[in-house]
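Trainee: Residues per chain, in single letters:
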Amino acid sequence: MDFMLSKEHEMARALFKEFAEKEVKPLAQEVDETEAFPRGTVEKMAKLGFLGIPVPKEYGGQGCDPLTYAMCVEELSKVCGTTGVIVSAHTSLCCDPIMTYGTEEQKQKYLVPLAKGEKLGAFGLTEPGAGTDAQGQQTKAVLEGDEWVLNGSKCFITNGKEADVYVIFAITGTVEKRGRMQKEISAFIVEKGTPGFTFGTKEKKMGIRGSSTYELIFTDCRIPKDNMLGQQGKGFNIAMHTLDGGRIGIASQALGLAEGALENTIAYVKERKQFGRAIGAFQNTQFQLADMATKVEAAQLLVYKAAMAKATQKVYSVEAAKAKLYAAEVAMEVTTKAVQLHGGYGYIREYDVERMMRDAKITEIYEGTSEVQRMVISGALLK
Amino acid sequence: MKVVVCVKQVPDTAGGVKFNPDGTLDRGAMLTIMNPDDKAGLEAALRLKDQYGAEVTVVTMGLPKAEEVLREAMAMGADKGVLVTDRVLGGADTWATSTTLAGAIRNLEYDLIITGRQAIDGDTAQVGPQISEHLDIPVISYAQDIKIEGDSVVVERQYEDRYHVVKAKMPCLITALSELNEPRYMTPGGIFDAYQKEITVWGRADLKDVDDSNLGLKGSPTKIAKASDKVRKGAGEKVTLDPDESVSYIVDKLKVKHVI
Amino acid sequence: MNLEEYKGVYVFAQQVDNEISSIAFELLGKAKDLAKDLNTDVTAVLIGSGVKGLADQLAEYGADKVIVVDDPELKDYRTEPYAHALASVINKYKPEIMLVGATAIGRDLGPRVSARVATGLTADCTVLEIGDFPLQAVPGQEQLHNQLLMTRPAFGGNTIATIACPYNRPQMATVRAGVMQKIAPIKGAKANVEEFNPGFTPDNKYVEILDIVKAVTNTVDIMDAKILVSGGRGVGSPENFKILEDLAEVLGGTVSCSRAVVDSGWKPKDLQVGQTGKTVRPNVYFAIGISGAIQHVAGMEESDIIVAINKDADAPIFDVADYGVVGDLNKIVPKLTEALKAEIAAAK
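Chains as they are written, first to last, in our numbering: chain W, 1 to 383; chain E, 1 to 260; chain F, 1 to 348.
Mixed in with the good hints, there may be bad ones.
What the hints assert, rightly or not - Derived CB-CB ranges, DEER-like:
#1 F/Val213 / E/Asp12: 27 to 37 Å
#2 W/Glu33 / E/Thr240: 52 to 62 Å
#3 W/Gln135 / E/Asp50: 46 to 56 Å
#4 F/Lys311 / W/Glu33: 26 to 36 Å
As the list claims (entries may be wrong) - Below, computed lysine-lysine pairings styled on PhoX-like, alpha-carbon distance capped at 20 Å:
#5 F/Lys187 / E/Lys255
#6 E/Lys80 / W/Lys7
#7 W/Lys140 / W/Lys183
No lab work stands behind these hints, which were simulated from the structure alone. All C-beta atoms, glycine included, are put in the ideal place defined by N, C-alpha and C.
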């Protein structure tokens, strides 16, 4: 067992870190304040291949492993949670299912430009009445001749209005399962600009405020028959498997937020003086930092383990669930403590920890709440 | 067209500086980066690669660990890397360094050699011009723009209050300013590819037309008599005086420090 | 190499457009000190085209002798003909010390010449003195006397090293402008001129100058400024920044500011120093009416010299200042400007 990163991974981290510090950090406050999608940053990342890190080279990607991708999301999120989730949603939730389930034609047509970053991806599963309960889907797809006709809506979609390619789930019929009629769900690739595909409200969020979160509305939206992703009726499996990967991305985002908050806090307690000495000289501060650092490192190990599992195992649901559960809760705890250690300054927006705490909360919620992760983990234990 | 770029792995000066007992730098103990001016030189070479299909070979002299800057250069797009490393080369000043690098470059084909203007550790700006002297080719220092015209290179050569547009026949050596360009980032895939490539490692025996007496600490004309950390500043002085005394106090301090 | 043959302190007397650069006079000032310690004389080497008439100026600033290399090939600076000229002078006259300005010319010419005459070169020296090498006698090693000891900063000013060149001649050093002091000119001094032309045969190393473009000065980026006069909320009003601008002008510096000033709309964002502004490390940083919040200090603590003026004796800026003055900036700054103006005028 070896806990040392390879030289390649170390260098990749240095690259992500340098990019994050130079290109992302200076914009983080503004992105949060103005809720503006960082289009310029996305274009820069596209040029450097950050939008196709785990995609094979023959499909325009970088051909790196999931760990390299996780480190990218981690380093970006250290300075800007918004930028981290943009990459995560694009890569894990759009590139990944097309790579896994797409036909060669679909890969050439969609995956190549996605991996090159010429196009941005998104994923539409959640509906107003179907969050954790993915079976509660209402969006329907009906085959008419050579086209599927989509009707319904998706909500809370990351990269919502900014994406070009969407992986969308819809009901394509009903099937009998263990004597009960169940909805048959299938996955589709939908392009922006398809007639009948429009955007609803832009959500105003607590955190990750620069990520464009929109409602997607489908009204007699006709897409080619060939745009079904994977087999008909396999949508639920595709969604769940995609989310396993997505959780590694979100776990990396959570990890990055926790690390960023910790780094900021360490710098702050060395400088900030109260009662005539740096607050880092007080044992309360020291013990808090020790706990924070320990949990951050534990989270990192779980996240990296899950990323490695994705590279080597067919199924990695439990690893991903543990990583996301723990990293998200650590992110919330560490960012909250970071704000507390900053005192009054932690509560004002000039200090990054204020934003990090708001950004961290969503990691306990999206792509499966912490409760869902516990279901996945315990389900495997009691199987 | 073949371009050789000389790069140096330098301590990140933000990370503190450590010495060996003999007054030379303990490079092994410090965090390192690719020297910024060299990185600008590499970027200039990579642009020649993009534009004219130039082949870019990166050469460094240093400890075996200096391999890292070659990998980094290759991850940015350089084609080949040469590491010149040997115990006998240690402790070299600019004369011995330029002699060594010239000895390595004699083994390579080149139309253009690009070095950074200066390294952030030594700040001497000597090695580039000295290599050109050893190789008996023209040098254009302080390049702020580089163009190729046939068998010549046309460079904007910066001075304090002007620049010269200078044309030189290749082969030629150019020293690059970090202001020359904004070096590109590596790519994630480029990093993994760079580690798959072979790096050429040369020792003393591989250097061409070089005399032992010009190498390493022994072959360095300049000798360090004394080296020390600059005393770290903590809180300095604080005085409370009337305005006129305050003014003389500040003026005196600026004089002592040669500001005026 | 017979080191004994090498005598005298030589200065490369840089000229541009047939006007001697100030650095040449500064080097002559230092060369005179060194020559006195060595009991030898000072020679200026003047290289150019139609420059002979400038020789007397060098005498006024302390040159005992001026070697003039005058040739049409030397009209505008090019590395090769200049290197050939200076290296030829060194080979013929054998100086023991050769000083060159650490200018855009000198930092190109110096290394090329040192490589040609096979000696060491120490760059950007801040102190030059005559002494022993090794500094203290070491058993088993001969201690050499009358060596040029060259002290210079390295690692971006993090370290200081003293360098000697004990076994090669000449001992060559470059020195930055503004470091050494000129002597008061000896009015009417006449140069002892010796003309020397080693012959110039253009080859591939003689580059062609296609154009010379003189720069128009544009606005200074505060990150490039050597001297920053930075104001905080304590300055009181945008109008009152005038007193900082006056101070900056006298020192050839630039005005910058703290975040509070930008937030108040007194100054544009690109002048802001600090975590959310720019990180600067000038030679001198004046923090005037700046309390020194952490995010400000993070952007300027690497400055070489920090001078703080603040009326609050407990302001955290004093924790990082080299020279802290507790007092009213409105009273101190204008007087400081006047005093510096007088000092600088007197030094000229």
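Trainee: Go through the numbered hints given earlier and state which of them the structure violates, listing their numbers in rising order.
Mentor: 2 and 5
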